[in-house]
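With numbering that gives the first Met the number 0 as the guide, the letters of the sequence shown map in order to residues 0 to 526.
Just so you know, these hints were derived from the structure itself, not from any lab. As the structure is a computational prediction, the values presented were derived from the model and not from experiment. Take the hints with a grain of salt, since some may be wrong.
Okay, derived cross-link-like pairs now, DSS-like style, lysine-lysine, Cα gap no bigger than 27 Å in a straight line [stated by the list, open to error]:
1. Lys488 - Lys471
2. Lys212 - Lys230
3. Lys129 - Lys525
4. Lys155 - Lys490
5. Lys249 - Lys306
6. Lys487 - Lys512
7. Lys56 - Lys249
Simulated restraints, written as ranges between beta carbons of each label pair [what the hints assert, rightly or not]:
8. Arg323 - Lys490: 34 to 44 Å
9. Asp143 - Leu446: 24 to 34 Å
10. Arg503 - Arg323: 29 to 39 Å
11. Glu124 - Asp72: 34 to 44 Å
12. Asp63 - Arg263: 29 to 39 Å
13. Ser50 - Arg503: 52 to 62 Å
14. Asp253 - Arg110: 27 to 37 Å
15. Ser50 - Ile78: 29 to 39 Å
16. Gly308 - Val505: 22 to 32 Å
17. Glu42 - Arg323: 34 to 44 Å
18. Lys83 - Arg150: 28 to 38 Å
Virtual Cβ for every residue (Gly too), placed ideally from N, Cα, C.
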Amino acid sequence: MSSIPMESGAKDMTVRRGGREARRAMRAAPLAENERPVRPGLEGGRYKPLSDAEVLKIHNAAIDVLEQIGMADAIPSGIEAMTKAGAIMNSNGRLTFPRAVIEDTLAKAARHFPLYAQDPRYDMEPWGKKVYFGTAGAAVHMVDPVTGEYRDSETKDLYDIARIVDTLDHVHFFQRSVVCRELADPYEMDFNTCYASVAGTTKHVGSSWVDPKHLEASLEMLHMIAGSEAKWRERPFVSQSNCFVVPPLKFAQDACRCLEVAVRGGMPVLLLSAGQAGATAPAALAGAIVQEVAECLAGLVYVNAIKPGAPAIFGTWCFVSDLRTGAMSGGSSEQALLSAASAQMAQFYDLTGGTASGMTDAKLPDAQSGSEKAYNHALVGNAGANLIYESAGMQASLLGFCLESLLIDNDIIGATQRTIKGIDTSDESLSIETIRKTCLEGPGHYLGSEQTLQRMQTEYVYPLIGDRANPKEWVEMGRPDAVAKAQKKLKPIMSSHFPQHISREVDDAIRAKFPVRLAREHMAKKV
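Using the sequences and the hints, build the whole thing.
Now the structure itself:
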């Protein structure tokens, strides 16, 4: 029989219960940005698949490719601009780039430029080895994770994805993720893609266009949202994702026309080279990187020939083929290596770098999806890639997008950021005094120590979807899996989060002038 009096036992239970409640309250309270365990822009760079000597070898090989092989299919205005900068038009129709031209371009290229958001809280500083995660892609299907059905994506899906991203702590920017397939007219598709994206989130947005006139109309809309063209140019909150090359080593002519409009319009440009190793890029991983670097250096010459110092993102997106079938393998370990190496190449040039991670081959948010996204994010994030695209929501190697995956992947990204942040080894963190008090004066454990209460929020990341209950608790909760938990979390977002940062007056003016196809009824709470 216990010798502890009932009153003492009850008091002890009250103290323990009070301690638990205090911990719960502490965990629920929002933290200041600098106190959070993870935050946008943590510095990576600890993982290096390439040695410094290997980085230099790839750089020199890329220069050799540009000097000796060059780029085909440049448009007349591009030829005029790049030859004025020192490129050479050869009799075989290919532009070649002497080493001095590349070196001159690298000397004047834009560095350390912010990527702005409509809400300044979400402005990004993507340079050095700072890491930001975002969406991207052009999936043509939405995925139902319960039935496994794939359906055509629509404009309302794009808006929904943007407004979900608007609520996620670990997804730092939004690039259009799905195609508005119900819109057959290319102009309407391009315009509404941009509109739905900027209406759905106040974070930085990336979009793309297939025709310069479509971009010009979108720029006019963005000027209206910003308040004027001058205000837009002060804080351009949309960047252009531009696939300016058709690998291997050919310019994409329509994309180049759009590139020129974006550069002159003050819009940052993601110079996206997306060769697929074994198909449109060499199967040798080093050769794939050489080609991507060469293509992006050519793009950098192009941008700076139009406007020296214009903001451009070095977008080496080295994709991978399954060489047994030729199909893309976005979730592969080779993909992780290539994207991590891409981060090193951007760091070598001290340029803002963008690459891809999270393009699982799995068709649904299952074990394969989680494992492929996790090891890709861990390697690419710890390599210090500045802008990591495709990081949330994607399935089936960019063919499908799943809303539930957005929330599941947000957890994966948060955990990845914690590994990027690393371990604090300050004197206080070494914990000698805490150890002394606990072992010599205290209860012999750290559960209620002052340091534990302080660090439980500032040092540790907790998943929103991931399950940490014990088996008994899990059974009592109905044995929920990750998809079921994500669906539960999605419901309040989908029913209540409708960003209203664009005023009704401005939106009326946009709708009066342009063919907005996103119904207002889908942009407000149901009454």
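Each hint, compared with the structure:
1. Lys488 - Lys471: The hint holds at about 22 Å.
2. Lys212 - Lys230: Within the cut-off at roughly 21 Å; holds.
3. Lys129 - Lys525: violated (40 Å)
4. Lys155 - Lys490: holds (16 Å)
5. Lys249 - Lys306: Measuring from Cα to Cα gives roughly 22 Å; hence the hint holds.
6. Lys487 - Lys512: Distance ~39 Å between Lys487 and Lys512 Cα, so the pair is violated.
7. Lys56 - Lys249: holds (23 Å)
8. Arg323 - Lys490: 34 to 44 Å: Holds, since Arg323 and Lys490 (Cβ atoms, about 41 Å apart) stay within the stated range.
9. Asp143 - Leu446: 24 to 34 Å: Violated, since Asp143 and Leu446 (Cβ atoms, about 43 Å apart) do not stay within the stated range.
10. Arg503 - Arg323: 29 to 39 Å: violated (55 Å)
11. Glu124 - Asp72: 34 to 44 Å: With Cβ atoms ~35 Å apart, the hint holds.
12. Asp63 - Arg263: 29 to 39 Å: holds (32 Å)
13. Ser50 - Arg503: 52 to 62 Å: At 57 Å between Cβs, range holds.
14. Asp253 - Arg110: 27 to 37 Å: holds (29 Å)
15. Ser50 - Ile78: 29 to 39 Å: Taking Cβ atoms as reference, Ser50 and Ile78 lie about 38 Å apart, which means the hint holds.
16. Gly308 - Val505: 22 to 32 Å: holds (31 Å)
17. Glu42 - Arg323: 34 to 44 Å: holds (38 Å)
18. Lys83 - Arg150: 28 to 38 Å: violated (49 Å)
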